[in-house]
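The listed protein sequences derive, respectively, from chains E and C. Counting from 1, position 297 in the first sequence corresponds to residue 1623 in the working numbering; the numbering is continuous, with no gaps. Counting from 1, position 53 in the second sequence corresponds to residue 1379 in the working numbering; the numbering is continuous, with no gaps.
Calculated from the structure, these hints are not laboratory results. Since we're looking at a predicted model, the values are computed, not measured. Keep in mind that a hint or two might mislead.
Since copy identity is lost for identical chains, a pair holds within one copy or between any two.
Unchecked claim - Listed next, the in silico DSBU-like pairs over lysine-lysine satisfying Cα-Cα at most 35 Å (straight line):
hint	residue 1	residue 2
1	K1545	K1646
2	K1615	K1505
3	K1523	K1650
4	K1431	K1414
5	K1540	K1328
6	K1364	K1596
7	K1505	K1328
8	K1601	K1517
9	K1511	K1596
10	K1655	K1414
11	K1341	K1328
12	K1650	K1540
13	K1328	K1414
14	K1414	K1364
15	K1347	K1328
16	K1545	K1364
17	K1511	K1328
18	K1574	K1431
19	K1511	K1646
20	K1431	K1540
21	K1505	K1431
22	K1650	K1601
23	K1655	K1597
2 protein chains.
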Amino acid sequence: MKTPETLLLNQEQIKSLITMKEVVEIVDRTSKDLGVGKTINPTKVLLDLGETAAYPPYSGFMNAMPAYIGWEDSAGIKWAGGFLGERKALGFPYITAMILLIDPKLGFFRAAMDGAYITNMRTGAQTASALKYLVNKKKIKLGLYGAGMQGHTQTEAISVLFDIDELRVYDVNRQASEKFAQDMKDVVKGKIIIADKPEDAAQGDVIVCVTQSKDKFLKNEWIKPGTVVFPMGSYQECDDEFILSADKIIVDCIGQVLHRGALRGLVEEKKLSEKNITCTIGEMAAGLKEERIQKNERILCLPIGTGAMDVAVATAVYNKAVEKSIGVKFAFV
Amino acid sequence: MKTPETLLLNQEQIKSLITMKEVVEIVDRTSKDLGVGKTINPTKVLLDLGETAAYPPYSGFMNAMPAYIGWEDSAGIKWAGGFLGERKALGFPYITAMILLIDPKLGFFRAAMDGAYITNMRTGAQTASALKYLVNKKKIKLGLYGAGMQGHTQTEAISVLFDIDELRVYDVNRQASEKFAQDMKDVVKGKIIIADKPEDAAQGDVIVCVTQSKDKFLKNEWIKPGTVVFPMGSYQECDDEFILSADKIIVDCIGQVLHRGALRGLVEEKKLSEKNITCTIGEMAAGLKEERIQKNERILCLPIGTGAMDVAVATAVYNKAVEKSIGVKFAFV
Chain E
1327 MKTPETLLLN QEQIKSLITM KEVVEIVDRT SKDLGVGKTI NPTKVLLDLG ETAAYPPYSG
1387 FMNAMPAYIG WEDSAGIKWA GGFLGERKAL GFPYITAMIL LIDPKLGFFR AAMDGAYITN
1447 MRTGAQTASA LKYLVNKKKI KLGLYGAGMQ GHTQTEAISV LFDIDELRVY DVNRQASEKF
1507 AQDMKDVVKG KIIIADKPED AAQGDVIVCV TQSKDKFLKN EWIKPGTVVF PMGSYQECDD
1567 EFILSADKII VDCIGQVLHR GALRGLVEEK KLSEKNITCT IGEMAAGLKE ERIQKNERIL
1627 CLPIGTGAMD VAVATAVYNK AVEKSIGVKF AFV
Chain C
1327 MKTPETLLLN QEQIKSLITM KEVVEIVDRT SKDLGVGKTI NPTKVLLDLG ETAAYPPYSG
1387 FMNAMPAYIG WEDSAGIKWA GGFLGERKAL GFPYITAMIL LIDPKLGFFR AAMDGAYITN
1447 MRTGAQTASA LKYLVNKKKI KLGLYGAGMQ GHTQTEAISV LFDIDELRVY DVNRQASEKF
1507 AQDMKDVVKG KIIIADKPED AAQGDVIVCV TQSKDKFLKN EWIKPGTVVF PMGSYQECDD
1567 EFILSADKII VDCIGQVLHR GALRGLVEEK KLSEKNITCT IGEMAAGLKE ERIQKNERIL
1627 CLPIGTGAMD VAVATAVYNK AVEKSIGVKF AFV
């Protein structure tokens, strides 16, 4: 027996093989599996290439995110990061990523594929899946900060499970908001309102932030009771007051959320710790916890992103590619 | 500008592109770079697929090992592991691995290549490079446990920098020792002696263990003053007495060595800690520490393996492949 060849899939092929509806289902199922411990997601390891480190001198980072997916019996890794600086100046998207899949029993490399498209899709799907367990209604109003790629995928994913009755969008670049409104007019059932001022988008049942802002622009006083807030950026988007006064903090992965994104600063200042985290999305998905929002509550939800979601989606893409004989094979060994 | 394509390299191509002499030089240079902090090697992250975990039920693991190499200005990751069980029964090698390289400034994926061959080569080279700073002579006597793939590459790498005057080899499978003696007769300058009993191989200036033994077979009383011992297996090969009485413990990466391989058990039992580690190989290579063996000393050296070495060697392979137009290009994005 020879080592089986590895299937290579590019971004266009991946796009043709999976829909947002399927990604939302896969993410939801993987969430449940994480909740009951059947999916294994070690804490990601960061290679800082100058995003925050003084050396090396580049404006980027890479995260290594391996996982084993119980319900698919698959293992893999996403190596993904974000780069600004010269990459941005040249007009390339922020995210760069590759996903590798192995046979978890024999160790053969089954596939190598682009990871950027799956990253965007699963990040949207994570919000949608978490919302399933946090709100009580089918029709929701949404406030959105950031009208870029992830603004689109967040909106698409939420619309798989909910009717978006009204969407208020704010972006520092108004043209981006206008393009977003045009692109999303068939996805959003209700009206899309372009906010002139940041505070005008802070309305609705759900607020999603997908910005690269390094400012804490989302103010505590803007956020009304009955709201779930998802700050999805890599930096801190909410002000400290809101984070410290939120009634519940729900996360995807406790180990990760303490060291990256919205909570990092407050954890370093010792104003927040693991004790302040209410539960994981996986525990809600698995039915182990019930945390649906009450009228008087404000919930902070942080699906910062797990490799498990990427590997789970990539496995579904791989299975479909094999079924449809899509992709090129390469013998690495 | 389009995203540049990714170069794919298979094991045969990699073999044709790099020699052990070059690997030893690259490893040595990367060691120095680690010692002065110009190469960044975050602690590897383990995905246990049943090697020691109760779930999932497979006899394998995968380690994610990202690194930035200062002297090459390159970044990459090796995702590598070992599988026994059915993989072994089917006759496949223990190690399975893939290496990805990126442009550290722009985040483009430069290459995807087999990682198993480079793993074997750099593991041998790590021992050779460390020995450069630990012994005083050019002619050495070597005791070797394990006559498999890694036994070969350890011997080849050491013979790049030293004349092996005598080599005593022990393997639980005598046929493996006989094949080794045949394969290595031109690499080893002196005599190769096949040991009938384990203790007969515990002689020489240097003892290298590259076994998959889960027993602590190497006994304290066998190891004479003036000996450097390299237990390179994933499990514990030396008995506790030797580890606890060694005059110096020298490692490649303090963070890793406490959690895997020879020291793990004693660290868990709190009989050993970071305080017992003399220095890193990188510090010796960079000239920051001088720890050459004295006649009355016994040194334990643990180059457990860093992603930095893999990424550094893979970068050299990639540069040569580009120069010689070897490999296939694939557009992932």
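Now the hints, each set against the structure:
1. K1545 / K1646: Classified as neither: same-chain Cα gap 44 Å, cross-chain 54 Å, threshold 35 Å.
2. K1615 / K1505: The answer is neither: 39 Å in one copy and 60 Å across copies each exceed 35 Å.
3. K1523 / K1650: neither (48 Å within a copy, 56 Å between copies)
4. K1431 / K1414: between (40 Å within a copy, 11 Å between copies)
5. K1540 / K1328: between (51 Å within a copy, 29 Å between copies)
6. K1364 / K1596: So K1364 and K1596 pass the 35 Å test inside a copy (32 Å) and across (31 Å) alike.
7. K1505 / K1328: Close across copies (23 Å), not inside one copy (51 Å); limit 35 Å.
8. K1601 / K1517: neither (40 Å within a copy, 64 Å between copies)
9. K1511 / K1596: Result: close neither inside a copy nor across copies, 44 Å intra and 62 Å inter.
10. K1655 / K1414: Classified as both: same-chain Cα gap 32 Å, cross-chain 24 Å, threshold 35 Å.
11. K1341 / K1328: Answer is both: 31 Å inside a copy and 18 Å across each meet the 35 Å cutoff.
12. K1650 / K1540: So K1650 and K1540 fail the 35 Å test inside a copy (44 Å) and across (44 Å) alike.
13. K1328 / K1414: This pair counts as between: shortest inter-copy Cα distance 13 Å, intra-copy 43 Å.
14. K1414 / K1364: This pair counts as between: shortest inter-copy Cα distance 26 Å, intra-copy 39 Å.
15. K1347 / K1328: between (37 Å within a copy, 30 Å between copies)
16. K1545 / K1364: Classified as neither: same-chain Cα gap 38 Å, cross-chain 41 Å, threshold 35 Å.
17. K1511 / K1328: between (52 Å within a copy, 30 Å between copies)
18. K1574 / K1431: neither (40 Å within a copy, 39 Å between copies)
19. K1511 / K1646: within (30 Å within a copy, 51 Å between copies)
20. K1431 / K1540: between (43 Å within a copy, 21 Å between copies)
21. K1505 / K1431: For K1505 and K1431, the Cα distance is within 35 Å only across copies (30 Å; inside one copy 47 Å).
22. K1650 / K1601: Intra 48 Å, inter 57 Å, cutoff 35 Å: neither.
23. K1655 / K1597: neither (51 Å within a copy, 50 Å between copies)
Hint check: violations occur at hints 1, 2, 3, 8, 9, 12, 16, 18, 22, 23; the rest are consistent with the structure.
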